[in-house]
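Colleague: Sequence:
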Amino acid sequence: MLLAAPSLPRTLIFPAHCPSHLIISHCFLLSSTSPLSNSNTPAISILPTSARAKLSSLLQPFVLCEDWIIASALGRRRRELIPGDMAALWLARASSQLARRSARSLARHGEPSPPWFLASVPQLPPVLGSPAALAAAVERSPSGRGFCSVRGFAGESGAAAAAAVEEPENGFAAGGDQAIDFPGGKVSFVAEMNFLPDSQKERINCYRVLDDDGRTISGSKFQEVSKEVALKMYSEMVTLQIMDTIFYEAQRQGRISFYLTSNGEEAINIASAAALSIDDIVLPQYREPGVLLWRGFTLQEFANQCFGNKLDYGKGRQMPIHYGSNRLNYFTVSSPIATQLPHAVGAAYSLKMDKKDACAITYFGDGGTSEGDFHAALNFAAVMETPVIFFCRNNGWAISTPTTEQFRSDGVVVRGQAYGIRGIRVDGNDALAVYSAVHAAREMAITEGRPILVEALTYRVGHHSTSDDSTKYRPIDEIEHWRTARDPISRYRKWVQGNDWWSDAEESELRSRVRKELLQAIQVAERMPKPPVAELFTDVYDQIPSNLREQERLLRDTIMKHPAHYPTDVPV
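Numbered according to this note's numbering, the sequence shown terminates at residue 1896, and the numbering increases by one at each position without gaps.
One thing to keep in mind: the hints can contain errors.
Pairwise CB distance ranges, derived in the manner of DEER restraints [unchecked claim]:
no.	residue 1	residue 2	range
1	Phe1582	Ala1858	21 to 29 Å
2	Leu1520	Pro1799	15 to 23 Å
3	Leu1652	Ser1724	30 to 38 Å
4	Arg1851	Glu1552	29 to 37 Å
5	Lys1551	Ala1742	38 to 46 Å
6	Asn1518	Gln1821	25 to 33 Å
Calculated lysine-lysine pairs in the DSS-like style (CA-CA distance at most 30 Å, straight line) [what the hints assert, rightly or not]:
no.	residue 1	residue 2
7	Lys1525	Lys1510
8	Lys1796	Lys1818
9	Lys1680	Lys1545
10	Lys1840	Lys1551
11	Lys1545	Lys1818
12	Lys1634	Lys1885
13	Lys1840	Lys1556
What the hints contain is simulated information worked out from the structure, not anything from laboratory work.
Just so it is clear, the structure is predicted and the values come from calculations on it, not from any experiment.
Positions of the beta carbon are idealized from the N, C-alpha and C atoms, including for glycine.
Use the sequences and the hints to build the structure in full.
Modeller: Right under this line is the structure:
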């Protein structure tokens, strides 16, 4: 709404939290000392809103801009003071369309109407100033941080300005050169009704460095790796493969209760970890033990967790493969799908607040993108501008659900754009491509303070877990093709050997040493005593409450009465 006030600068600003009744009363106090006919009187305008009650909830300052009191919208033909009760009613009905009608009405009656605008100005204190200064401030302010507004047309006549903001009642613009400043940026109006297509004509390309034969593709750009890093990456990929094979066999022998492999996804595990810093926080799903391996988690520590002995950091309270390490900034695995994604955004926000030179990274599968936590996390990260990398392992299958039944979009990377997140699609079986993509993503996340979405196309060669038989829902020849022709370890080995950094003798020695070390670790873990029953009730409360103590007593009594139904190696 517009209210006149005499003998003051042409423009006033009020903070958004100022109650509307105070604005109205203040305007009438200013206008009570001089007649309205004073041509130098400024107008006090508020950013339009559909209801008076919403005014106090605006989060940012709003501009109060110049013009006369406009009574024509209420059926008046002249400028006049509006009673307070009617002003309140007008305030409740205020809208950008009302302001435009009023401006046009003044122009039709030949009355002067200076250039005007309604706009939000972020982070401006309540001050007095000139329209020119305010216009400059608006231009300097980030577009897309304010509320819906209509820009002014400086230098045009009132009639021209009114015509330039013409908007029909049906909401369609009369021409194609009009625009509105809306949260997120300026939006142009068009007269033609067009629907966005359901998908792009062509699929988004996939970044790759090595071809299937392990040779660098001509013209490829990638992050160079030293010989030392390259060899460590290869040895850790081999170690992960051997570890998966032996632990899987241990489960089949009944020595551990459950296991889940990363077969076919070794490059994703190791290469992404190599591109990170130890200060970066990792929130995994459950198919990323290689990240922990790269950071220094020993084979003995892996074995202790899978066997749940007293040296297990989880004290035997987690199922196998739920690894975690405070020392290595690796959050404990949790099987519920995608729950770690919002946590990663929160962790990244804490790094941002502490001004740390680090980011958070969270891993998830293609199936996790159907969870609400995925969408909430991406939106949360984009709005808060957190340094977090969302790494999706698109391996084609969410247990037995193929991606063709999971979503209709072009994979996962396109979803980032909907939330304002930069993304890249990468060959997940190309170690150099994964390393380069994550290295660049980390740099952008930290230096620019933004989330990044990485979609790695790969294939889960193994079964989902030891509880699954994937041959029941996918063809065996498909599995064998990815196991042989597209094996990430074989491809990377060809590149390493092509640089004369590796030999067959070194390969044999590495595999023999890792297998021997892991078998020894399993024997030690098996002989290690289990955590006592009392550990089931610790590490939640500083002082264990009475109800938990009662549960502990009942459990001990039950074990004593039915010892055959409980493990004999768990101290009571």
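Colleague: Does the structure break any of the earlier hints, and which numbers would those be?
Modeller: 2, 6, 8
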